[in-house]
Amino acid sequence: MKAAILLASLLSPLAVAGQCDMNTGFTQADYTVTTDIVANKQHTENTFTLWRTPHQVAKQNPQFIELWQQLRNQQIRPIRYFQHAQRGIEYQPSEVQGEQDWSSKYQLVSDKFLASMTHQKSTGEGCDLTEYYTQQQGDSKIELSWLANQKLLKAIRISTPTYSREIALAASHHNQQKIQAEFAKWDNYQTTDYADIGDNESDPFLAKMINLGFVEHGASGFYDAQGNQLRGEHGHHH
Amino acid sequence: MATTMKKLNLISLAVVVALAGCSDDDDNSPKTLTVENTLAVGSEQCVNGGTETLTGADSNDNGELDSAEVTDTTVACNAPATSLTASQLAPLTDNEWFKSAQVKVATSEENIAAVVKESGKAKNVILFVGDGMGISTVTAARIMAGQLEGKLGEEHQLSFETLPFSGFAKTYNVDAQTPDSAGTMTAMASGVKTDAGVIGVDEDIERGNCATVAGNELVTATELAEIAGKSTGIVSTARITHATPAATYAKSADRNWEDVSDMPEAAVTAGCEDIASQLVNFEANLEARYEGLDVDGLEVVMGGGRRHFLPKDAAFNSADAVSAVEGDRTDGRDLTAEWKAKYPAGQYVMDQAGFDAIDAESTERVFGLFNESHMQYEADRANDVAGEPSLAEMTAKAIDVLDNNANGFMLTVEAGRIDHGHHAGNAYNALSDTVALSKAVQVALDKTSIEDTLIIVTADHSHVFTIAGYPKRGNPILGKVVPVGSDEPSLAADNMPYTTVGYTNGGGFRDLGDETDADAGYNFAPITGRVDLTDVDTTTPGFHQEAVVPLGSETHAAEDVGVYAVGPGAHLVTGTNEQSLIFHVMDYAADLVKQADAKLAQ
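Sequence order for the protein chains is V and W. Numbering of the first sequence is given in this note's numbering, commencing with residue 3 and proceeding in unit increments. Numbering of the second sequence is given in this note's numbering, commencing with residue 173 and proceeding in unit increments.
It is possible that part of the hints are untrue.
Said to hold, decoys possible - Once the Cα atoms are required to be at most 25 Å apart in a straight line, the calculated DSS-like pairs of lysine-lysine come out as:
| # | chain 1 | residue 1 | chain 2 | residue 2 |
| --- | --- | --- | --- | --- |
| 1 | V | 187 | W | 484 |
| 2 | V | 123 | V | 156 |
| 3 | V | 143 | V | 180 |
| 4 | W | 611 | W | 323 |
| 5 | V | 180 | W | 611 |
| 6 | W | 293 | W | 644 |
Hints were generated in silico from the structure; no laboratory data involved.
Chain V extracted, bound-state conformation (with noise of 0.2 Å):
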């Protein structure tokens, strides 16, 4: 395969801009999440890792991995895997059409957001070819940095006068074994369909679903100037 790669960026001038060699189909990327409220002077940092398979993608937090299955018919099958309990929760794949972009998934944020905004400069080639956006809502400033052959979010950051949010990649691997070995962990972990939770007060870690039910987010999210979370994750909006 790399012999194969080699010599296509022979064959084309424009390929060693243009792509990168890396396994990008399967990335392991570690991200800080950064809060500053002005106010009271409150910062506050968090981390979370993007774990991506060709058409699986895990956000990882400290407490629970949400797993979103890219399926055959383009829907999407959310998971979410409790680590401590080693117990899995198994949602429905939406049929919603907001609901159905795998990009907002994969990337963290969604194609049709970054088409939204102003690309102001490209630096680097290959894996390293960054691509630089802003937009201005309001008194809002959104500024994105974005590692377009990796299709890989390099840095986000959303500033108001009273507040602001960065989330930037600390690290990326693309370890295709190590990748795949996490999936697989996940995977074996006792699944239940939420649909079944309802039958199954007498199990502990079920019981504790029918009585908190959805578990919220971490502080990773984050939103445009509207208030709308840029990802797209259980936003419904009709």
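Chain V is fixed; fit chain W onto it per the hints.
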């Protein structure tokens, strides 16, 4: 009233008789006057009417008997009427409610006279179970079905509501006030109430403890029918390994042991068999329990739950898998292949096309697994990747295959997703699946005879689903409460409108518009408190009703459920009974135990 009259006017009285004390003109003594008043029917003195006679002297000589002059009062009441005239009855007899009820009384008399009361006369038995189909669900589904047909709705009847006999079942489990499907279906299938969460075993079981299964296994109506030489079938829109269908064929210390990967290692090591494996090994397991028994196994198995029958290997994925790896089995077994090897003449199908291709008249047996997990909600069925048959279609096909046996058949049909629609707090799907059950029952009624087929329709338990407020007649059952005489929704104390149907607990409000999958609601946190529904269309498939107590999943309820029956032995379905009675009615009607005993004695 006559007795309170201050002055009696002679002119106005019905009868005035002046009695001269004597004919002597010179006699100055006052004249004696008598007045008769007619008392109306319903009067205080005479309920049937009568005559009041007042007598006294006209002492002031004014020609009238003043009240102060009355010295004697007598009352003569009419005898009670012995009949009403046609004109008196007309307001009743011309009334449509009155007439239809009279017809119903006559029909009921005929039904009681005609029902086959002798035991053992049912060649076929069909048990329909609406999982979670409580009384309020039946009522709301009836209204929905009627409104879908352009009626006001309330007057409509679901197919099974037309059955001649009905009663109530007390659903509690031996260890639980509010039951689950495992314990309740075990009661119906085996005639013995047991604990929540266990399948086909009595209350001496310890849930989750494999070692306590042995010796506590129950025999089911399906097994008795199989031993008796009848054809046997199980159909469900849930996973076929789910609690309700499983209770017809499996014995398990835990309802969740649907495949080997769901079981604790100790249970596997101790020799307990997962539910999916028990389904495929039904024939062998039954034969192993009774020396010399030779049966031919289940003829019809249709439902969801393919994942419990396939190895955890993507190579075994079906065309409409919704997981990266469809199968869950960690023992490497492909139970669909094992079934095909056991029954080479049988047909394994997994989609609508395969289902449609089955020629029921020439097919010996069918194994249909139409979904990786539960089959789709009826309202969502069109979205299935490979296509799934409806409950009515599966019922029709099942009967057509099973009735190839001259000895008759025992069929259990579960509408398994009514329960799930309610758990998701989505009345639209719960009611749509109830209407789908009604259609399936109608198919069974059309395809069988009440002379030789007992059909029972019931639920395993109820849900905390309510029909509330004071909506006017014909108000959309999924709509906001609009009161009698108004076109505007009623407002609650918080000045916001509210829906007729709602839930006591659960996930509460979601407005998912056209979403026809109730389970999509689980992607959102429970919403506590009230929501302003003024601009929300609450009749859409994706609307989830408000709930009072916020829970991640709406819960079962503990009140009784209805039982409806027709055919031989159906007259035994009457009154309020333990749910376990249902098995005994089926046994009485078809002599299941007697026939099975006779077969084993051969």
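Verification of the supplied hints:
1. Annotation: proposed proximity of residue 187/V to residue 484/W holds, straight-line Cα distance about 13 Å (limit 25 Å).
2. A C-alpha spacing of about 14 Å is found between residue 123/V and residue 156/V, which places the hinted pair at or below 25 Å, so the restraint holds.
3. Restraint check for residue 143/V and residue 180/V: the C-alpha separation of about 37 Å exceeds 25 Å, so the hint is violated.
4. A distance of roughly 17 Å separates the Cα atoms of residue 611/W and residue 323/W; the hinted pair therefore holds under the 25 Å criterion.
5. For the suggested pair residue 180/V and residue 611/W, the alpha carbons sit about 52 Å apart, so the restraint of at most 25 Å is broken.
6. Restraint check for residue 293/W and residue 644/W: the C-alpha separation of about 46 Å exceeds 25 Å, so the hint is violated.
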